[in-house]
Amino acid sequence: MYNKEKLDAVKAARENWENNKIAKTLAKGPERKEKFMSTSGYEVKRLYTPEDIADLDYNEDLSYPGEFPYTRGVQPTMYRGKLWTMRQYAGFATAEESNKRYKYLLEQGQTGLSVAFDLPTQIGYDSDHPLAEGEVGKVGVAIDSLKDMEILFDGIPLDKVSTSMTINAPAAVLLAMYIAVAEKQGVTPDKLSGTIQNDILKEYIARGTYIFPTEPSMRLITNIFEYCAKNVPKWNTISISGYHIREAGSTAVQEVAFTLADGIAYVEAAIKAGLDVDQFAPRLSFFFNAHNDLLEEVAKFRAARRLWAKIMKERFHAKDPKSMMLRFHTQTGGSTLTAQQPDNNIVRVAIQTLAAVLGGTQSLHTNSRDEALALPTEDSVRIALRTQQIVAYESGVADTIDPLAGSYYVESMTNEIEKRAAEYIAKIDELGGAAKAIEKGFIQQEIQDSAYRYQKEVESGERIVVGMNKFQIQESAPKGLLRVDPAVGEMQKEKLKALRDERDNAKVEESLAELKRAAGTDENLMPYILTAVKQYATLGEICGVLREVFGEYQQSVIL
Amino acid sequence: MDIRAGLLSGSKRAAARLITMIENGDPEAIEIIKENYHKTGKARIIGVTGPPGAGKSTVTDKLAKLVRKQGKRVAIIAVDPTSPFSGGAILGDRIRMSDLNTDEGVFIRSMGTRGALGGLSKSVHGAIKVMDIFGCDYIFVETVGVGQSEIDIVKVADTVLMVMVPGLGDDIQAIKAGIMEIGDVFAINKSDREGAEKTATEIELMLDLNGMTEYRPPVKNIIAKDNKGIDELWEALESHYKYMVSSGNFDKRREKAIETEILEIFKQNLLDRVMRLQKNTEYLSELISKVFNKQLDPFNAAVELANVLNKEEGK
Amino acid sequence: MNRPIRVLVAKPGLDGHDRGAKVVARAMRDAGMEVIYTGLRQTPEQIAEAAIQEDVDCVAMSILSGAHNHLFPKVVKLVREKGGEDILIIGGGVIPEEDIPGLKEAGIAEIFTPGTPTSVTIDFIRNNIKRD
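Residue numbers (the working numbering), protein chains in the order written: chain R, 19 to 577; chain H, 5 to 319; chain Z, 2 to 133.
Here chain R stands alone, though its shape is the one from the complex (with noise of 0.2 angstroms):
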């Protein structure tokens, strides 16, 4: 960006301000810290300057929003033409519940829906299971056939919203349940829009709620991605999370590598079972988590957005430029909220939830300030939205594009993370793949080690928490927590029998033994679990087939 004779000159000034005004300011007393190290693990220097970004080509490297390679932003006026979606994640207990906490976030000016279900949902058991027992409707809400799903959606008209679900293993049962609940509200499936999370491989590494092994798992994606062509075309067939990798102890740039080695083994599968790349990466979607490194973390958006429209050009050789278009949600960092002082979590959500924005997030969740403690209250799922509303209509910081592009320290560390997720995802490519590595348990172990040395430095004190580490204070425990009924686990369980005696079982039975004949064959699922789910099969039925033919993840545990 500079020419050789000015750069010179920044040299010369640099040195001359280093050999004069810092060696004699050192000299009265060191800084705060021998070295400045980023949360990524690299050293973060006194001062950038044009010399540190020497290199960069602007019409190549930044170029313009909505046009390659995006680090910029995807859409071309970004929040100037429309704000980020305010979408918060919510659901809990029964169906019937979380109805009513959607239509009151949507009153509160929320613009999209986000389901969380609960772990036995997740899983693909009924409520009535042994293994469900105790975690029915504690995390999310319990969905076991499209009647709970039927009221979940209650006058909530599908083709108004925009519903993103988090469903990984069993999502196919969940998409096909949404389908059917729009089919009934007359909204047909071309008018849906939203998302499944559909990605079973960070699963595997982080988030632990996986049922079946690799193979046939990557199968009922790819049959995901190419029904969802033909017939859900609005609809985003997968959001490739970093977020729980990010959870699970990675670093930044650990979270771009392995989200997008995860992106890589989705397209190269998707090619492998004869999809055209065009096809279906126009809907991929990411899930990136925000923390408190503000700057980092603005840096972390615009190097994965660059890095993946290189990734789908280069190596996949993609054509629609909505195929090299990185489009991410945002969930600020539950890890880095406290127990501690619970009130200060808001704060914390305030800097993430600027970090996401000035990265240039199409959606963005921010978490409440008692969730290391419990499930939000309603109070405080309202704090976490209007900390939104303030960053969008306040701060003035939606009002031009990526404002933060030019800064010599953000641009070299957008370098900086480029540089490293790309090394990272070249040694999983000589690994064989994402898939690999995780069998192999080298992206776990890195997180791993990136988990421990984090513990160990909040520990030592050289990493300071506010209020857990440094600043505590004598607290009295926090009141008015959300508790979920226990009884909502009997509850399922007679909606449950109630369901399995007025259903016609001989359908059901049928639709179950076809589902089952073609998970032997490689014939896309998709149409069979949407004709078992319109029959109100459960979810447990329909998993249960899957899991005999397909067998189970057998987990690997890397320490």
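For the record, the hints were derived by calculation from the structure and aren't laboratory data.
These numbers were taken from a predicted model, which means no experiment stands behind them.
Check before you lean on any hint, since a few could be wrong.
Stated by the list, open to error - Some but not every residue of chain H turned toward chain R, in silico, with C-beta under 7 angstroms:
| id | residue |
| --- | --- |
| 1 | Gly91 |
| 2 | Ile94 |
| 3 | Ile99 |
| 4 | Lys315 |
We put the beta carbon where it would ideally sit given N, CA and C, even for glycine.
Fit chains H and Z to the known structure of chain R by using the hints.
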């Protein structure tokens, strides 16, 4: 807890505690083993070893399930390395055996190598005896085949199963040295992976070089996680057993193991005496400094040490 | 007696968030303990059985899903039934303060909530195991 009564009544709790006592060098444990020694020798001991990541735990899990179907009682001793820095260990083999966990007829015990002189084999051999006395029909001993102490452990097995995996590359060369020779049956796990055939060929080649005539270890392709080839693998283990019995090698191997054990206990006793001596007197330190100052050589120092030990004994 | 303390680290229930359990397990190992790690989705029955077979001094469980009131007491009950009367049982995770008295009454010796340094947990184990 009354270990003796518990052991007789089939209490897992008692057996588990006895193993802990052995691991911790509790002299009472040796007394209990002595009292019950006549009950040992009934269980068949299968050593499972191989390089890290070969899937030994999964193979053991599947074999154990197969044996359970025959109504036999199974014990599994899974050994993982102890950290040389902290003395702690992470023992994670049970993860692969989750559904065996609650099976009445299965007893799984994880052990750290703990790194003490001869301590590991003492612990493992002790645990084998406990499980034998406890009435287990099959005892699987699973160790990472990397060090001499691990080799020593599986040597007590009646049959040694070597679990290999394709694509080890140069590692196979390293493993060959020393460890490959002790395999009675070879399993190539994850044999749906690239390089399975090459690995099989390499093993066969090595077996050719060993020039065994009477019994040649079979090489079996398996995919343990999908339960593929497990029946065939079991048959191979059974035929090795039959061969051992019919050839008389079974008794020979057990006698050899007993010989090793006696000598090891003897060595250990001797070492214990030296350690006691060192605790009570400065004698060993004096010997060391004498050798260091070239007033004495280590050979004569050892002779002197023996003399002193005998004198101590006389007191 | 100079011997490593044996701890079973377990994740009962269905939640897959094992960062805490793994970090604690690793810290325990570095503190010289033998950690038997059993992985995700363990039933109370599996945990209790493993605790007995491994003859551990302590069972340390982590739950972030909110199922603690249901699962923790079950594990205590089963461990005691199987004769593990002297096994120390502790828990951690996202657990509201107001649930802690009930859990302690059910036999959980201590509950460690987010932000607890691993050294605190380790010291607690060292000071409270019931065997020499």
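Going by Cβ atoms only, is Ile99/H closer than 7 angstroms to chain R?
Result: holds, 5 angstroms to nearest chain R Cβ.
Under 7 angstroms, Cβ to Cβ, is where Ile94/H needs to be relative to chain R, so tell me if that hint holds or is violated.
Hint on Ile94/H: holds, closest Cβ of chain R at ~5 angstroms, below 7 angstroms.
Under the criterion of a CB-CB separation shorter than 7 angstroms, is Lys315/H in contact with chain R as hinted?
violated (50 angstroms)
Can we keep the Gly91/H interface hint, with Cβ of chain R closer than 7 angstroms?
Interface hint status for Gly91/H: violated (16 angstroms vs cutoff 7 angstroms).
Comparing the model with each numbered hint stated earlier shows that hints 1, 4 do not hold.
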